[in-house]
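Chemist: Single-letter residue listing:
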Amino acid sequence: MPHVDLAVTSKRDLNAALHALPANTNETHWHIANPEGAHALAAGINAPVTVEIDGHAGYYCAGMNSQATVIVNGNVGVGVAENMMSGRVHVKGDASQAAGATAHGGLLVIDGNASARCGISMKGVDIVVKGSIGPMSAFMAQAGNLVVLGDAGEALGDSLYETRIFVRGAVKSLGADCIEKDLRPEHEEILAKLLSAAGVEGISPSEFRRYGSARGLYNFHVDNASAY
Amino acid sequence: MDNSHIPQTLPRFSATFDPHTLAEIRRAAATGIYDIRGGGTKRALPHFDDLLFLGASVSRYPLEGYREKCATDVWLGTRFAKKPIHLKTPITIAGMSFGALSAQAKEALGRGASIAGTSTTTGDGGMTPEERGQSQTLVYQYLPSRYGMNPDDIRKADAIEVVIGQGAKPGGGGMLLGQKISDRVAAMRTLPKGIDQRSACRHPDWTGPDDLEIKIEELREITDWEKPIYVKVGATRPYYDVALAVKSGADVVVLDGMQGGTAATQDVFIEHVGIPILAAIRPAVQALQDLGMHRKVQLIVSGGIRNGADVAKALALGADAVAIGTAALVALGDNDPQLEAEYQALGTTAGAYDDWHEGRDPAGITTQDPVLAARLDPVAAGRRLANYLAVLTLEAQTIARACGKSHLHNLEPEDLVALTIEAAAMARVPLAGTNWIPGQQF
Numbered sequence: 001m002p003h004v005d006l007a008v009t010s011k012r013d014l015n016a017a018l019h020a021l022p023a024n025t026n027e028t029h030w031h032i033a034n035p036e037g038a039h040a041l042a043a044g045i046n047a048p049v050t051v052e053i054d055g056h057a058g059y060y061c062a063g064m065n066s067q068a069t070v071i072v073n074g075n076v077g078v079g080v081a082e083n084m085m086s087g088r089v090h091v092k093g094d095a096s097q098a099a100g101a102t103a104h105g106g107l108l109v110i111d112g113n114a115s116a117r118c119g120i121s122m123k124g125v126d127i128v129v130k131g132s133i134g135p136m137s138a139f140m141a142q143a144g145n146l147v148v149l150g151d152a153g154e155a156l157g158d159s160l161y162e163t164r165i166f167v168r169g170a171v172k173s174l175g176a177d178c179i180e181k182d183l184r185p186e187h188e189e190i191l192a193k194l195l196s197a198a199g200v201e202g203i204s205p206s207e208f209r210r211y212g213s214a215r216g217l218y219n220f221h222v223d224n225a226s227a228y
Numbered sequence: 229m230d231n232s233h234i235p236q237t238l239p240r241f242s243a244t245f246d247p248h249t250l251a252e253i254r255r256a257a258a259t260g261i262y263d264i265r266g267g268g269t270k271r272a273l274p275h276f277d278d279l280l281f282l283g284a285s286v287s288r289y290p291l292e293g294y295r296e297k298c299a300t301d302v303w304l305g306t307r308f309a310k311k312p313i314h315l316k317t318p319i320t321i322a323g324m325s326f327g328a329l330s331a332q333a334k335e336a337l338g339r340g341a342s343i344a345g346t347s348t349t350t351g352d353g354g355m356t357p358e359e360r361g362q363s364q365t366l367v368y369q370y371l372p373s374r375y376g377m378n379p380d381d382i383r384k385a386d387a388i389e390v391v392i393g394q395g396a397k398p399g400g401g402g403m404l405l406g407q408k409i410s411d412r413v414a415a416m417r418t419l420p421k422g423i424d425q426r427s428a429c430r431h432p433d434w435t436g437p438d439d440l441e442i443k444i445e446e447l448r449e450i451t452d453w454e455k456p457i458y459v460k461v462g463a464t465r466p467y468y469d470v471a472l473a474v475k476s477g478a479d480v481v482v483l484d485g486m487q488g489g490t491a492a493t494q495d496v497f498i499e500h501v502g503i504p505i506l507a508a509i510r511p512a513v514q515a516l517q518d519l520g521m522h523r524k525v526q527l528i529v530s531g532g533i534r535n536g537a538d539v540a541k542a543l544a545l546g547a548d549a550v551a552i553g554t555a556a557l558v559a560l561g562d563n564d565p566q567l568e569a570e571y572q573a574l575g576t577t578a579g580a581y582d583d584w585h586e587g588r589d590p591a592g593i594t595t596q597d598p599v600l601a602a603r604l605d606p607v608a609a610g611r612r613l614a615n616y617l618a619v620l621t622l623e624a625q626t627i628a629r630a631c632g633k634s635h636l637h638n639l640e641p642e643d644l645v646a647l648t649i650e651a652a653a654m655a656r657v658p659l660a661g662t663n664w665i666p667g668q669q670f
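Keeping their order, the protein sequence lines are chains A and B.
For the first sequence, the residue numbers in this note's numbering are 1 to 228.
For the second sequence, the residue numbers in this note's numbering are 229 to 670.
Rather than coming from a laboratory, the hints here were simulated on the basis of the structure.
Glycine included, each C-beta is placed from N, C-alpha and C at the ideal position.
Check the hints yourself; a few may be wrong.
Some, not all, of what chain B presents toward chain A, calculated at C-beta under 10 Å [stated by the list, open to error]:
#, residue
1, Ile423
2, Asp433
3, Trp434
The task is simple: from the sequences and hints, build the whole structure.
Modeler: Printed below as a string of structure tokens:
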């Protein structure tokens, strides 16, 4: 089990070592100490390993992650797990803006709150936020599921495509073309799986409300001009 | 009284409300929607044609045209990248997307560029295997939409171009209308088939130069600092944009003037936002010089490059390389007069066809219609592009030798004069026959 102390080892050396891991590596669980808010920590991994960061991470932690499990025992800066392809990123604290931005796959779990634009342009990732999310979240979100146990800020799901949004608390306002939809059994099934995967217990899927695209802006029409 | 012999006032069109303007008013009134089209600005602008080379004479002597070497190669990405790019010619292919262009067209661009020893560039919508397979050197665009963005493709690329804007629409996002969204395009972009695809105008996870610096650092970390990172901006405030790109850590700055094309944007945007490339190069070079980074951070300029004289003039003004887009499509076969009957059927004429967003291009280039796209032979079209690139390079060499230069990069502003006061002011070279540079000498 490699231990990397970033007070001693450079971030460049850490990331280079993580990128050099073969698919069948025996070094499957890494501990990172003293991250001190460094940016791009554990970014670009493409191997089935676990990286545990003890402390706060800066921007783009676990950016473009593939296969790996990245756990942050702290808070993260802007763009955690941005463009993640697969794997799992678990933030034990809070996340700044654009968490999970444009991510194509995998699971992003945030135990605390996520700031503005959580899930912006998400393209297939599943995001579970146990706290609340900020304004303009899921803006132009294309695919995947955004689950929020707390509240959502203004303009949720503005210009939404096919992402499903589930919010348990209050939604301050919905963005253009985002509407509330029925929570059907198949959605409760999706929710149950995601809550379980995120380690959430004691909360029923029926406590959530579902939001999605009205699909009214999918093709330009002049009568919708005020919505653009 | 018989007035038949009295001269009549001739019908007179207004210069303000000219026939084109009148037609646009009527079209807008009938449809309620702005005009969308492809390409770059069509208005007359101060351009490279307004500059002339002085050539050699008593004070400078030329190089022999067919005997003495005039080198054309260029290194891109020497500032930070472990693996900078070395091109045989400083004429690169600009970013154009699969989606906007057919797979055949993208393949042809790769083939032509590879024969010529230069690079081609992906676009909004990701990297296709055809393009990667046929491109010896491929620049991967990193765009706000992140359509098709994939770290595996980033690792396959030879350089990464962070696109902040483009000359046809600085400050605007992309648009690919539903009729061009085939199953393949839809899948690559993770969107339903047939819907309009709006690409965001801002990146989703950073704003401003301080964030950009961190984003570039992330891209370098992910690619282990191997690949050059370009930053592309539309020409608006070139001095400040270039300075901030350098501050953010760019290896290469791509500066695109308003003559640069787009797949589809509002005509009002294309014609009224941004500045001509002629006006943008010198402020950009000035920024690099002020920072001590000229030739260390390379400058690629684009927007209306058509011939070797344009290439030579752009380099003389301080660019390290140029990029071509519209001209490359024409070399492939776009707007070919041999297809005139089909252009007529679309309500246009060869040379003026710009409804690229409709996907009905008879040349098979700006379309996703499999029948139309199959008309373009990627091998033959690639050959035409390679020929064209060779001519551009030879023409630029011809001029450089006449100016006594053993490398295209030895061309300098002192080799140029301007034909008009506007061009003299923009290019910061003297009006021909004078030593007057407007704004600098009185």
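Chemist: Against chain A, is Trp434 of chain B within 10 Å by beta-carbon distance?
Modeler: holds, 7 Å
Chemist: Would you settle whether the hint for Asp433 of chain B is holds or violated, based on the nearest Cβ-Cβ distance to chain A being less than 10 Å?
Modeler: holds, 4 Å
Chemist: Return the status of the interface hint for Ile423 of chain B: holds when the least beta-carbon distance to chain A is below 10 Å, violated otherwise.
Modeler: holds, 4 Å
Every hint, counting from the list given before, is met by this structure.
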